[in-house]
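Protein chains in written order, with my numbering: chain B, 300 to 656; chain H, 137 to 244.
If you are wondering where the hints come from, they were derived from the structure by calculation, not from laboratory data.
These numbers come from a predicted model, not from an experiment.
One or more of the hints may lead you astray.
[To be verified] Computed list of lysine-lysine pairs in DSBU-like fashion (alpha-carbon distance at most 35 Å, straight line):
{"hint": "1", "chain 1": "B", "residue 1": "LYS506", "chain 2": "H", "residue 2": "LYS201"}
{"hint": "2", "chain 1": "B", "residue 1": "LYS584", "chain 2": "B", "residue 2": "LYS506"}
{"hint": "3", "chain 1": "B", "residue 1": "LYS465", "chain 2": "B", "residue 2": "LYS520"}
{"hint": "4", "chain 1": "H", "residue 1": "LYS217", "chain 2": "B", "residue 2": "LYS520"}
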Amino acid sequence: MNTRGFMNSRGRRAGLVSLASLVVVLVVLTAGLVSAQGPPIHPPGLDRAIAAQEAHTDALLARAGVVGTAVGLAADGQPVVKIYTRSAGVRGLPAALDGVPVEVEETGDLVAQDEGIGLSSGTERLIVIRASLYCTVGTLGALVSDGAGVVYALSNAHVYANEGSKTYGGPVVTGLAGDRVLQPGRVDMVDQACGSVAEIDRAEIGKLWAYQPIVFSRTAKNEIDAAIARLSDQNSLVPNATPGYGTPSSTVASAALTQAVQKQGRTTGLTQGTVTAVNATVIIKYDKGQARFINQIVVQGNGSAFSAGGDSGSLIVTSAGNHPVALLFAGSSSSTIGNPIQAVLDAFGLTIVGSSP
Amino acid sequence: MLAVAAALLSLSGVAVAGGQPRTQNGQEPKLVPVRPLEEVLRDRTDSLMATPGVVGTAQGLCDGKPCIKVFVAKKTATVLKAIPASVEGYPVVVEETGEFRPQAPPGR
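Working from the sequences, and respecting the hints, build out all of it.
Have a look at this one:
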């Protein structure tokens, strides 16, 4: 259970304070007391609280019953070090650390949850086959935004909307707008197979907002397997959203033969590869049936596989400059297939949230 | 009779409808490409994909030269015989990729 850093963004608990709300609280408290020169950006005492938390966290986590630490604000707006406990009545905890007041909060066990692009993500929809649960997983590929600045998580339709999943004699499982999108995906949950109700609740990052339906035929002209989820907390994945190669550029690049590319994905992590084919027409075997895709990009790994199951939804970027090239969605043991990223962005009217240029 | 005539014409460098058949020693196609590769691919993809076991076609670079890639689930003798060695002057290279599936595995 890693709870480093002044913002404990791992696990969702009351008492965890985001920077935005810290600023809001301090503005409210100080309004009327100081002349209007704009809100303070860095609350006094915060550095001390962060230092105290970082200096003592290891020792605190070693104590029985302590499950996490953070920096928060007391009711009077003063920064405090928070200690989270598994149950009430944990003894021997300090009232202050290095002069910074301590607040103890009973939270129960915190499940470490990594959030960010390039990491596990999925949907809450389950498929039941012969009375057993069937859940799948992919990768949150990128943050994207629309003309109004609203931020969404981008992945594949078969990851966020169950597109391509067979209906095993039960209700239709293809995604409906409003379906919950999770990070991590249900395969990576630990309480029980496909996650417990509490885990799923904690993992929600937003709602399925839109997806491109796939035509399941060998003569179809599918171009993208993509879906977006509107983030409930518009700031939650930024600036945590830095995958293995750093921040993607907001400027996309066209795929080109021999281009050096990379990706960060849930299963194989950070991998390097080369574009070995463009303008590909390929048949993809989904559970539901075969679907032909046109104008696709083929990447092969340098030495080891570029992708494997679970990497669906990863953003493929140039190795030099991190320019988005494709949205990873399919493959075999030797080859990875991606949609040209511009086709994905055009379909939804979006841009990549990233560094410019 | 017709097959023999076609074979003779191929060996002499004249294109036979459908592309030159694969030769045993992988001879260089005699034709120089005239049409852009994108166009040729657009026109020939359907027929290339009609062969059972073919899972895709694409533009590639083979030994630095533009070529047509044909992706197959498995390089069987039947599949290889059905795919031409070149089409309108562009080499056709068969790549055994296996079948393509979405990269999201079944979980538990």
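Do the hints match the structure? See the list:
1. LYS506/B / LYS201/H: Not satisfied, since the Cα-Cα distance of roughly 47 Å exceeds 35 Å.
2. LYS584/B / LYS506/B: Answer holds: LYS584/B to LYS506/B is near 27 Å, not above 35 Å.
3. LYS465/B / LYS520/B: holds (21 Å)
4. LYS217/H / LYS520/B: Given pair LYS217/H, LYS520/B holds - Cα atoms ~28 Å apart, limit 35 Å.
When held up to the earlier numbered hints, the structure conflicts with hint 1 and nothing else.
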